[in-house]
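Based on these hints, arrange chain W on the given structure of chain F.
Protein chains: 2
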Amino acid sequence: MENSKIKAFIPLLYLVWSDDLLTPKEFSTLQEFITSLTLLSPEEIQFLLSKVDISNPPSRNELTEWKSDIEKSIKDKSSIKSIFDIVVALSDKDLNISGLELKFTKLENDLGVLGEELIQNFKTKADSFTASSQTNTNFDVQKITEILDGTEAAIIKKVKSVISRPEFAYETSTDINVYRQTVYNWCKILADENLGNMAYPKQYGGGENIADYFAIMETLSYHDLSLVIKFGVQFGLWGMSVQSLGTEKHYAKYLKDIGSLKIPGCFAMTETHHGSNVKGLETTATYNHNDQTFTIHTPHEKAQKEYIGNAAVHGQMATVFAKLIIDGHDYGVNAFVVPLRDTNGNVLNGITIGDCGHKMGLNGVDNGTIRFDNVVIPKENMLDRFASVNDKGEFESPIPSDNRRFFTMLGTLVGGRIGIPRSALAAAKSGLTIAIRYSDQRRQFGPEGGSEVPILNYRMHQRRLLPHLAKTYAVHFGLQYLTSRFLNRTESEMQDIEALAAGMKSYSTWSTRDILQECREACGGKGYLSENRINALKNDTEIYTTFEGDNTVLMQLVAKNRLAEFRKSFGEMGSFGIINYVYENARTAIAEKNPIITRKTDDEHLLDNQFHLQAFVHREKTILASAARRIKKLIDEGLEAYDAFNVVQHQMIDVAEAYLERVVLEQFQITIEKVEDVKTKEILLKLNQLYALSQIEKNKGWYLEDGYMEAVKTKAIRKMVNQLCWDIRPDAVSLVNAFDIPESCLAAPIAV
Amino acid sequence: MENSKIKAFIPLLYLVWSDDLLTPKEFSTLQEFITSLTLLSPEEIQFLLSKVDISNPPSRNELTEWKSDIEKSIKDKSSIKSIFDIVVALSDKDLNISGLELKFTKLENDLGVLGEELIQNFKTKADSFTASSQTNTNFDVQKITEILDGTEAAIIKKVKSVISRPEFAYETSTDINVYRQTVYNWCKILADENLGNMAYPKQYGGGENIADYFAIMETLSYHDLSLVIKFGVQFGLWGMSVQSLGTEKHYAKYLKDIGSLKIPGCFAMTETHHGSNVKGLETTATYNHNDQTFTIHTPHEKAQKEYIGNAAVHGQMATVFAKLIIDGHDYGVNAFVVPLRDTNGNVLNGITIGDCGHKMGLNGVDNGTIRFDNVVIPKENMLDRFASVNDKGEFESPIPSDNRRFFTMLGTLVGGRIGIPRSALAAAKSGLTIAIRYSDQRRQFGPEGGSEVPILNYRMHQRRLLPHLAKTYAVHFGLQYLTSRFLNRTESEMQDIEALAAGMKSYSTWSTRDILQECREACGGKGYLSENRINALKNDTEIYTTFEGDNTVLMQLVAKNRLAEFRKSFGEMGSFGIINYVYENARTAIAEKNPIITRKTDDEHLLDNQFHLQAFVHREKTILASAARRIKKLIDEGLEAYDAFNVVQHQMIDVAEAYLERVVLEQFQITIEKVEDVKTKEILLKLNQLYALSQIEKNKGWYLEDGYMEAVKTKAIRKMVNQLCWDIRPDAVSLVNAFDIPESCLAAPIAV
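Residue numbers (this note's numbering), protein chains in the order written: chain F, 1 to 752; chain W, 1 to 752.
Source of the hints: derived by calculation from the structure; they are not laboratory data.
Computed cross-link-like contacts, EDC-like style, restricted to lysine to aspartate or glutamate with a CA-CA straight-line distance of at most 20 Å:
| id | chain 1 | residue 1 | chain 2 | residue 2 |
| --- | --- | --- | --- | --- |
| 1 | F | K568 | W | D110 |
| 2 | W | K67 | F | D330 |
| 3 | F | K302 | W | E531 |
| 4 | W | K568 | F | E32 |
| 5 | F | K698 | W | D654 |
| 6 | W | K633 | F | D85 |
| 7 | F | K600 | W | D706 |
| 8 | F | K67 | W | D330 |
| 9 | W | K719 | F | E637 |
| 10 | W | K568 | F | D110 |
| 11 | W | K633 | F | E108 |
| 12 | F | K632 | W | E448 |
| 13 | W | K568 | F | E108 |
| 14 | F | K715 | W | D654 |
| 15 | W | K686 | W | E604 |
| 16 | W | K106 | F | D636 |
| 17 | F | K279 | W | E448 |
| 18 | F | K719 | W | E637 |
| 19 | F | K719 | W | D643 |
| 20 | F | K632 | W | E101 |
| 21 | F | K593 | W | E710 |
| 22 | F | K323 | W | E448 |
This is chain F alone, in the form it adopts within the complex (with noise of 0.2 Å):
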């Protein structure tokens, strides 16, 4: 029966029986195509639906011949599209088919194929475009190291230089006993070399320099995040609340010893009850004339000291915040020294420890829950810059308004919402570092006969870890910016930096829980092996969006920080300010959302960093000007200010983000143009608009409800993201490996 007639139907055969899951339905479908087929004979169609019983498959070798049957006639012709073109070349012209082609499609879409797709199967495999994307080094990676170091590479280099040691290898115990006396031993070591009192002034043996105590709390975050916290509480938050809050006698007393870890301590103000909202809290502290102590006391069990770190084992002493109570009054809160245990560790009297036992990470270290039981202390314990007792037992204070000199303190840490984003960022550095490196080894799946490909080839992995990639770059450079900011200050400035601190720390903490979730399911099983650090990485940053204040908390605060700022531009435009913003306002509009600018879609426009920063700044602008309107209209409708900014709050997170966006975005762009050497100017300038442009894709919903763009346009951003990506993709592994993360640090065996 192998006559040229019935060959013209072995695509059909070799489909029916190929890797193809048709079912019995469609068995029935292509049975009753061949008997509708009346060019053939009754045996003809006879033979034919023998070969596409269920019951009786044909041999593998029968298969076998079939497929070689096609390749053989379809060897390199371009041409063919579909099964009637295959058909047609195996006939060798000699069947009557051409009126069959409308049959043959509706067979393909009946079948629900794609014959496109099936005729790869047979042909001489051509190179895939998907197969043929690879690393390459196309800068100078040493470069962009030098760009994001700046100016801290000195210090930089020796914190990475003193965590490679031996001694700094991963603690594997899941005993948090263990756990907690490696980290305690660790931080040890770097108070020996003289990192933990970078900080503090050179005459109580510090380093007085507060730019490579930063640099420091970032480099460590490369390393075990239990030991950066456990850090940070010890110098940063006990060491620098007695320098920010105290005075001489306590600098002279406490500072070298903290410093050295000698006196191991605490910062004792969240309480069980009261965490965001400290103004609240409740433990006391009592002036007692007679002898000039304060007892402090924790009135009952919802008011003692939670979550502290260092509490549980290793703190002497605590900087513990409560309410100065004299003479029955209240003066707000305070900070005061109190002790909680003896050089040899033992708690004093007074004093009870609760530990918080097992946490989802950081364990470790050693947090604890702190009461006190009308413990006493010296009057010289009060830590009094901002307030005091005098020898007559008054209150005394530069600051009238307890909540005002309470803020004012709490502007004094504003150090920790710096110290923390940076760690959250190299911890995303590392996150990213490990997935890139895996995803460009990791093959999966390839082109029909030929290699599988590394994953990072396919579009959705890219998508998934490129845009990231771009975000932890220019956070980065936001992060420079705020510290400069913080460093170079002047007192009328410290409200908007508090503010632009909060709003950082938030937007990097988030990153960077959004970036390892992504590592973490982009490297698959390997991702969630301990061994590769993913988890450790994730579970130790997943509190930092809580601790150093609530994101969603601070958010609220930066966008009021805005509102305020808008209002006083008005004030300074005159009294018609407002009238003159909205028109001014009402003018760029129109003139931006010309339908020529709204419409505009070519490579050059979508990729101009102009382009980008009057977008970020028009919705910056305009989302606060509308919180501002509503909030107003909502006031005057007779609603309480409280329950205004309630009904907004979840605008009000806007506000917070399109600000700190335009901030991020600017600074990248500012660090761009002063890099002179082609090459890295180029690979920074994609990243950056890879931001850019994902950031207006992720709020594309809100500019077109503006009308600033039109859907032509944000559909053309969305396709020059998934353009950049690809374009970015060789350069990937540079990039991580520009962040310069000691091996010994990553240590993921799948990163290598």
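Using the frame of chain F, we list chain W on its own:
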């Protein structure tokens, strides 16, 4: 100097020294303002200036007097809205200040203060709107539980009673050996209760009830998730692979002992180098004609079996997937029962077991690696339902294509993709129960002078948790639907059901990931403590997005299935189907895109089920057609299918998601239609509306791009989502209580 002229300026003085954080710059602003007041005498100006001298603050008593003066003057005067209004009230109208209004307004602006807010400080507290919301019971909780449990109520009740026994107290040891043994012991108890063999045929001691088996998996997931996974490995993966891939002789030999846990076993498919692409597995099973045996062999290290549950410690046997080789010919991947350990737990010759070690979660499951060094097994150990080697040593199979056979085999194992998403859903329910109960009790901040307010009263907190609550209900009914389709499956539906299972597995596990993340953050520091169980829930379910098929890969499969269905529906429409479809679609779109509809924002419309479903269906259809067109275009342009599919990967995720969301919404709506009790129906409807609108809000960028909605409508939807959250808040605690999770399972101290 206390004349009434001066008195009028008290509000300003108070403002300077009050809680607002005025900067030195703002002090000078105020000083300039005072100096400019021509209606005051030089002495009066001097006096006022002396009261805004930063180096000479007023006494606390003075401040208190000022405050009380202000309060007395403005008491109950609701007309007072600005600082100027207070000034007027205080001046007793005897000061000619009417011309100063603009100056005061400018001052308010310059200082960046909101007069309205400031005034709240002085007013007698009215009831706060925000503070007034509280938990209520508006419906019968048990009625909802009955709807959720449905026909499985009896088995659910039984499982809950078992896991509430004292021996199921959570394991708190961090020693993974202890934990693994505890989980094993729990599995033994469940086996003794005849819960493990629930799905097996009655003749082998089973319950022959697959519906109950799924309900058991789901209910066990309220307890330790290592337990449910170990249980699933033993009774699901290991047992069901024997049942689905083996024949009578295997059932008789193994099923009873698997069901009783006498033979702990493994499901050994994944290899280090092949996870998603299991078609490429490299382990070999070579047939030996001489003694009718197979030699199981691991050709190189990266072909070892990896992540295999039950392998590291307990497994005595495994279903091993390996390429069958006969006479040098490769017959594709088949399954074989291979002994690993003797009954004393000693590893057998030729077997090398590795331990995956510590993982991010599920540390009660002993995952391991397995290597085979020429391990010989008898011929009867081949699970031969779909393929076998006959007495002559020839390969036989009713499915000649190797790939098709393999995918048919995998298809019989689809049950795992039902058990896992149901388990994930249960974990989300636990997390939400903990977070919502806590948010209802946890108080923080409050109206000035009032008590602190439950954090669930804050709009952001509602936004964070309540759409997730609605989604959890929605997914519940989606998974009920999936289960029911699986239980009532016919051969011709299998591909669709497999796609639905793959999709719902991804949708549910990603949803759980997001929900538990939000729950952790919403519980702040408490959410970080292991005692509150979000740690375990979150880290244990983390791998759910990877195992039983990586979600991203599964979503591509779902999308391909939708594309195939799409092509078939063309087929059914005839050769000109595509043209007709496009025409029909355009017509529908034109009707629905009528400006009256795209801009319709009345409540009735926004809350209308029909509107929701139409919007979901429109999205599903449009995205699918657009992806189909795009792939066709890319292939027409000369791209290989493999490359074309890579280019659209990102869009394929949307294709799959839009399909799943439509299914979930539809099933939720169908369920509600059947509810008769009015109160029950009412609250479920609200949840359904919240699910529908929050998904539309999430996808608003798409709806705006498509033109299906205009900005006015998406904005109205955002407001409606806020409103629904506010409306559902009093019922939130009852809605999580309706999940009816045993208190001993919840166990979190904060959820009591």
